[in-house]
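*Asks:* One-letter residues, chain by chain:
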Amino acid sequence: MEKRISLAHGDGGELSHRLIKSVFVEAFGHNNEAMFDASALTIPVRDIAVTTDSFVIKPVFFPGGSIGKLAVAGTVNDLAVSGAKPLYLTCGFVIEEGFEISDLRAIVSDMAKEAKKTGVTIIAGDTKVVERGSADGVYINTTGIGIYENGRKPSLQFTEGDAVIISGTIGDHGIAVLAERGELGISVPIDSDCASLNTMLLKVCEEIDDVRIMRDPTRGGLATTLVEIAEDFSLTIVLNESSIPVREEVHGMCELIGFDPLYIANEGKAILIVPNEHKDKVMEILLQFPEGKDAAVIGEVTGTEKGQLLLETPLGSKRLLTRLAGMMLPRIC
Amino acid sequence: MQELLKQSSNPEILKPLLQAVKEKAAEFISLYGRKPAFMEVCGSHTMALAKSGVKQALREDVSLISGPGCPVCVTDQHSIDSMIALAEGDGRIICTFGDMMKVPGSRQSLMDAKINGKDIRVVYSPVDSIRIAEENPGKEVIFLGIGFETTIPILAILVEEAYKKGLGNFSIWMTTKLVEPILRHLLNCGDVMLDGFLLPGHVSIVLGEEAYSFLPEEYNIGGVISGFEPAELLSGIYKLLDIAITKDTRIINDHPSVVTKSGNVVAKQLMEKYFSLCDEAWRGIGSIPSSGLSIRREFDQFDAKKKFKVDPGEPKKTKCRCGEVIRGLINPTDCVLFGKACNPMKPVGPCMVSAEGSCAAYYQYMRECN
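Sequences listed follow chains A and B, in order. Residues 1 to 333 in UniProt numbering are what the first sequence lists, from first letter to last. Residues 1 to 370 in UniProt numbering are what the second sequence lists, from first letter to last.
I should point out that these hints are in silico values taken from the structure, not numbers from a laboratory. One thing to keep in mind: the hints can contain errors.
[Claimed, not checked] When the alpha-carbon atoms are kept at most 27 Å apart in a straight line, the in silico DSS-like pairs for lysine-lysine are as follows:
no.	chain 1	residue 1	chain 2	residue 2
1	A	Lys58	B	Lys118
2	B	Lys346	A	Lys306
3	B	Lys22	A	Lys318
4	B	Lys247	A	Lys318
5	B	Lys114	B	Lys309
6	B	Lys306	B	Lys164
7	B	Lys316	B	Lys114
8	A	Lys318	B	Lys164
9	A	Lys318	B	Lys346
10	A	Lys153	A	Lys281
11	A	Lys306	A	Lys318
12	A	Lys113	A	Lys128
13	B	Lys118	B	Lys139
14	A	Lys58	B	Lys139
15	B	Lys114	A	Lys58
16	B	Lys22	B	Lys35
17	B	Lys165	B	Lys139
18	B	Lys309	B	Lys139
19	B	Lys306	B	Lys268
20	A	Lys3	A	Lys153
21	B	Lys305	B	Lys139
22	A	Lys306	B	Lys35
23	B	Lys319	B	Lys139
24	A	Lys279	A	Lys306
25	B	Lys340	A	Lys318
The structure displayed is predicted, hence computed values, not measured ones.
Only chain A is shown next, with the shape it has when bound in the complex (with noise of 0.2 Å):
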């Protein structure tokens, strides 16, 4: 086997049977997917989910994952905020001529170790070899397929004093990934919080009756998700400053270089909205996983007018919260 990427392992001859063989195949396993163009399925008749999402990162090797995990983690996260329980997965590379193939054995194999967790199979996959400069490395396109097994939808109807919930600590993989990228001129300890967040969101839709919305804050941060999610449902959603998880190191990370933890992406966190009276038990859910131990209830629905999200500040003071203008840059002092 080659040690990289070559045009010719694009071009459909003999290096890319090669390739699908013993990287592909070899990590996700197959029935008889791998012998047509399209994979036969059943699906149980149900209402199902379908979601797509491309991956760009850079560095594609970071503190707590790798391009791969996160393909996989952040397309079932898609399906199961949406209350869907994810089954199978595809997947397209495009991938960079030069690319070192036991990188890409690495970052494979970490997909079939998160599908295996996760319980989904990767049906169908395709891989396009673009010349040296024209791509970053690699990058993988998803499409993830779920279903609607209890019928429990997040039912999107709010109430005021609904609870506002978030799975833990925030910004950790936006400020990993900076740091892994070298720019910060300082190591951080910090690991992306990447992970798949099915079991124990599917759970809290089993066990409580009216959800009314579940999503995960990963690019933009949890201000921007709740920013749409005050918009589109017209929602005043109020957040108490002090209850959102906020590890040290990111925190101190972010006065330094002058971000905002609220408009830093995540990759294995949730936001929940629930009614009132069953936030004591979805925290008690969420406080039994691992991915939900920082768990915190950090704000409310106080209206169901005005879209709009406020933060109160540790002093009673209330300021507004709006979508980020453009990138977040680092500043002077």
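With chain A's structure known, arrange chain B on it following the hints.
*Replies:* Below, chain B without anything else, positioned relative to chain A:
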């Protein structure tokens, strides 16, 4: 340290402190029949006051006026246009703090120039630009050196490093500003009535407490050197009120764990070694004599202003009132452009995009909540 920071935003500590400040402000108001007015000199204070909610909580009690301490905001349009024009030249790598990227030039911003293919890199630490110069010997690497005394010593280290390494492809475009000359200018103009200054902890680490003695001695106005955490801000304002009420005009060092009487002597020596005083143009104010630093003649080879000729043309005139905002004459919301034609996505002036800009602080943290 982290534990201390946590305590500094503990509601149980903050709420009684806020109450004490409110009571002290009421005492001032009953004595003088008006609200006390303090200027926070530094942009980081402006941001911290708005982000923590201190400013909002004291809306009825104390006027907190933003001063000329945001390095991007005080840079005049011609300098900004020059830096962008510099980036447009071929064979150059421009290194900059992130704050500069979105600052609107008369024709485009550095962000626009980057999108159009120019090599512009945001660095977290200025020292990264030295490494970039070493890695790219065929290119001219230019660091955009803006900032006050907090940042200037680091620029001196850059010159020192470049000199030691004999880097022929590295230079700094200096448009630095100094704290004392601008405070003197504001007080000499007398446009804004002030009862004291909230002085920035981080600049004071370099400058030292003594650097502000001219305020009580020559202008009979007091100041408090303060940190940036909510409890520190409230404590600083409380002490400013105390000075204003007792008329015991002086400088109080409320950040003594890091600010000493004479400051960081090594940093001052470094600045002295590589830089000399020069006139600087300030946005909305004009040129103030000896209000900035430029690279000494002996180190000319690292002075981008001498190395490269740029002609950005005449700055475009807009209705932007950043100049008045940084002098404390108006609030950002008094500008007709605020929040409408000028917002963080489409800024007209630098105060709307800088991480320390007053307009950005108002837009991000102080728009009306219903």
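*Asks:* Keeping to a limit of 27 Å between CA atoms, is the pair of Lys309 (chain B) and Lys139 (chain B) held or broken?
*Replies:* holds (17 Å)
*Asks:* Sort out whether Lys306 (chain A) lies within 27 Å of Lys279 (chain A), counting only the CA atoms.
*Replies:* It holds: about 23 Å lies between the C-alpha atoms, which stays within 27 Å.
*Asks:* Measure nothing beyond the straight line between the CA atoms of Lys113 (chain A) and Lys128 (chain A); if it is 27 Å or shorter, mark the hint as holding.
*Replies:* It holds: about 23 Å lies between the C-alpha atoms, which stays within 27 Å.
*Asks:* If you draw a straight line from the CA of Lys114 (chain B) to the CA of Lys58 (chain A), is it 27 Å or shorter?
*Replies:* Judged against 27 Å, a Cα distance of about 20 Å means the pair holds.
*Asks:* Would the pair Lys247 (chain B) and Lys318 (chain A) pass a check requiring their Cα atoms to be no farther apart than 27 Å?
*Replies:* violated (34 Å)
*Asks:* Does the structure keep Lys306 (chain B) and Lys164 (chain B) at a Cα separation of 27 Å or less?
*Replies:* holds (20 Å)
*Asks:* Do the alpha carbons of Lys340 (chain B) and Lys318 (chain A) lie within 27 Å of each other, as the hint requires?
*Replies:* holds (22 Å)
*Asks:* Need the status of pair Lys114 (chain B), Lys309 (chain B): alpha-carbon distance at most 27 Å?
*Replies:* Distance ~20 Å between Lys114 (chain B) and Lys309 (chain B) Cα, so the pair holds.
*Asks:* When you check the alpha-carbon spacing of Lys58 (chain A) and Lys139 (chain B), does it fall within 27 Å?
*Replies:* Holds, because 26 Å separates the two Cα atoms, which is no more than 27 Å.
*Asks:* Tell me if the straight-line CA distance from Lys118 (chain B) to Lys139 (chain B) falls inside 27 Å.
*Replies:* With Cα atoms ~12 Å apart, Lys118 (chain B) and Lys139 (chain B) stay inside 27 Å; holds.
*Asks:* With the threshold set at 27 Å, check whether the alpha-carbon distance from Lys3 (chain A) to Lys153 (chain A) stays at or below it.
*Replies:* Violated. Lys3 (chain A) to Lys153 (chain A) sits at ~47 Å, over the 27 Å cutoff.
*Asks:* Going straight from one Cα to the other, do Lys306 (chain B) and Lys268 (chain B) come out at no more than 27 Å?
*Replies:* OK: Lys306 (chain B) and Lys268 (chain B) at ~24 Å, within 27 Å.
The structure is inconsistent with the numbered hints 4, 8, 20, 22, 23, although it conforms to all the rest.
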